[in-house]
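Q: Protein chains in written order, with this note's numbering: chain A, 18 to 131; chain B, 546 to 653.
Check each hint, because a few of them may be wrong.
When the alpha-carbon atoms are kept at most 25 Å apart in a straight line, the in silico PhoX-like pairs for lysine-lysine are as follows [as the list claims (entries may be wrong)]: (1) Lys597/B x Lys614/B; (2) Lys83/A x Lys72/A; (3) Lys81/A x Lys640/B; (4) Lys548/B x Lys58/A; (5) Lys597/B x Lys640/B; (6) Lys640/B x Lys58/A; (7) Lys72/A x Lys640/B; (8) Lys37/A x Lys72/A; (9) Lys58/A x Lys652/B; (10) Lys548/B x Lys599/B; (11) Lys37/A x Lys640/B; (12) Lys83/A x Lys640/B.
Bear in mind the hints are in silico, worked out from the structure with no lab data behind them.
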Amino acid sequence: GAVVSQHPSRVICKSGTSVKIECRSLDFQATTMFWYRQFPKQSLMLMATSNEGSKATYEQGVEKDKFLINHASLTLSTLTVTSAHPEDSSFYICSAGTTADTQYFGPGTRLTVL
Amino acid sequence: LAKTTQPISMDSYEGQEVNITCSHNNIATNDYITWYQQFPSQGPRFIIQGYKTKVTNEVASLFIPADRKSSTLSLPRVSLSDTAVYYCLDTGGFKTIFGAGTRLFVKA
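Please put together the full structure from these sequences, using the hints given.
A: Here you go:
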């Protein structure tokens, strides 16, 4: 089946630093990947759609200058949380799919900002 | 806004069959109905997908009536390890929006 990986699985950083999270589709190519954020006991919230070779599309209320997305190849999308603050601490999950009907999700990245 | 609604939580006992129903009041003609399972601190895992009638795989069955306004995920003989959050979604559009999900708790 389709496999999506994320790296790192967890990261702890100091307030004000930037953190990069990678999302890879291991056995298929994905022109579109999605980034979600999930707070404890809550559902996944779509942050942005990552498009290979073009700019990402952000959901309303998500700061594009704070959450930088780069989709440089058909198997890799990166999310950079710039100048991270404690309120950015969350579980970040990416997804990709071979069709629009089915998305496969990465294992998630736990970000803790001190 | 999420397009589906489902019960917030359900309790069951080991060995029982569990049915989780979802409302798809705004499903588009081209959308599929997809169910995911999520354990704490993990990404959602694909369970099953269907368009109409019944679909069965090795872990679950999915029942979809002719009007496609609802779906029922059936988990046969649940075990403690089936304790998780289950999400139903309309998929096939440009992006996938999650609802609140159903938190299933299986007791011994």
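Q: Decide, hint by hint, whether the structure agrees.
A: We went through each hint and held it up to the structure:
1. Lys597/B x Lys614/B: Given pair lysine 597/B, lysine 614/B holds - Cα atoms ~10 Å apart, limit 25 Å.
2. Lys83/A x Lys72/A: 14 Å, holds
3. Lys81/A x Lys640/B: 18 Å, holds
4. Lys548/B x Lys58/A: Holds. Lysine 548/B to lysine 58/A sits at ~20 Å (cutoff 25 Å).
5. Lys597/B x Lys640/B: Since the Cα atoms of lysine 597/B and lysine 640/B sit roughly 21 Å apart, the hinted pair holds (cutoff 25 Å).
6. Lys640/B x Lys58/A: Judged against 25 Å, a Cα distance of about 22 Å means the pair holds.
7. Lys72/A x Lys640/B: 16 Å, holds
8. Lys37/A x Lys72/A: 17 Å, holds
9. Lys58/A x Lys652/B: 20 Å, holds
10. Lys548/B x Lys599/B: Measuring from Cα to Cα gives roughly 21 Å; hence the hint holds.
11. Lys37/A x Lys640/B: Within the cut-off at roughly 23 Å; holds.
12. Lys83/A x Lys640/B: Roughly 21 Å between the alpha carbons, so the hint for lysine 83/A and lysine 640/B holds.
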